[in-house]
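Trainee: Heads up: the sequence lines are chains A and B, in that order. Sequential numbering of the first sequence, starting at 321, is according to my numbering. Sequential numbering of the second sequence, starting at 20, is according to my numbering.
Do not rely on the hints blindly, as some may be mistaken.
As the list claims (entries may be wrong) - In the DSBU-like style, the derived pairs of lysine-lysine whose C-alpha atoms are separated by at most 30 Å in a straight line are:
no.	chain 1	residue 1	chain 2	residue 2
1	B	Lys90	B	Lys36
2	A	Lys362	B	Lys37
3	A	Lys389	B	Lys84
4	A	Lys362	A	Lys377
5	B	Lys88	A	Lys362
6	A	Lys389	B	Lys36
7	B	Lys76	B	Lys90
8	B	Lys84	A	Lys362
9	B	Lys84	B	Lys37
10	A	Lys362	B	Lys36
11	B	Lys90	A	Lys362
12	B	Lys36	B	Lys76
13	B	Lys88	B	Lys37
Keep in mind the hints are simulated off the structure, nothing from the lab. Since this is a predicted model, take the numbers as computed values, not measurements.
Here are the chains, one letter per residue:
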Amino acid sequence: ILNVEQSPQSLHVQEGDSTNFTCSFPSSNFYALHWYRWETAKSPEALFVMTLNGDEKKKGRISATLNTKEGYSYLYIKGSQPEDSATYLCASPRPGNQFYFGTGTSLTVIP
Amino acid sequence: EAQVTQNPRYLITVTGKKLTVTCSQNMNHEYMSWYRQDPGLGLRQIYYSMNVEVTDKGDVPEGYKVSRKEKRNFPLILESPSPNQTSLYFCASSSDRGVFQPQHFGDGTRLSIL
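With the sequences and hints as input, model every part of the structure.
Mentor: Rendered as structure tokens:
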């Protein structure tokens, strides 16, 4: 079993606040790091796939960074909106193409 | 429209009654995978397939079977379901062996086994 860990487990922020959360993963045999956004009653949707150390990717108000040497990735949301409320999942594919997901960070943005 | 289609969306059944959850994708993806989601445990991979006739065990394969006879279909079979298989199941597909391209998820199947 590979430990992909996410923190915090849940987060409540006020509308307009910026926030960030963490995904940590074993740095050995690293292939890629995936971020997904999962809204209640829907299916997970891909945000980013990151591969290179120092990678930074951005989609609108959401961005992510990657540090493969120390085994962590940060997801940032700037100016949170109620529609950002969701669970954010990270996942790491490993040799053999097996996927390991973290347990997610549940974000609630309070209007 | 590019999509992953799972059926059924909801199923309540009884212990021991064989069931199949179908999964089909129309994106010509090589990689397909099944996950189960349980509270506090995150998505756990059951089985995955990198191409036709190639399947591999994930983290929690016990009690499940899969087959990949055609590229588009990847059914999940529970030969003798038990209550501990009550869960939310997702099928997903991806190009490029699922590593460097994102996975596309179906809408999920909620199974209750009494």
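Trainee: Does each hint fit the structure? Answer for all of them.
Mentor: Here is what the structure says about each hint:
1. Lys90(B) x Lys36(B): holds, 27 Å
2. Lys362(A) x Lys37(B): It holds: about 27 Å lies between the C-alpha atoms, which stays within 30 Å.
3. Lys389(A) x Lys84(B): violated, 37 Å
4. Lys362(A) x Lys377(A): holds, 24 Å
5. Lys88(B) x Lys362(A): holds, 28 Å
6. Lys389(A) x Lys36(B): violated, 48 Å
7. Lys76(B) x Lys90(B): Roughly 18 Å between the alpha carbons, so the hint for Lys76(B) and Lys90(B) holds.
8. Lys84(B) x Lys362(A): Given pair Lys84(B), Lys362(A) holds - Cα atoms ~25 Å apart, limit 30 Å.
9. Lys84(B) x Lys37(B): holds, 11 Å
10. Lys362(A) x Lys36(B): Cα-Cα ~28 Å, so holds.
11. Lys90(B) x Lys362(A): Measuring from Cα to Cα gives roughly 25 Å; hence the hint holds.
12. Lys36(B) x Lys76(B): holds, 23 Å
13. Lys88(B) x Lys37(B): Between Lys88(B) and Lys37(B) the Cα gap is close to 20 Å, so the pair holds against 30 Å.
Of the hints listed earlier, those the structure fails to meet are numbers 3, 6, in rising order.
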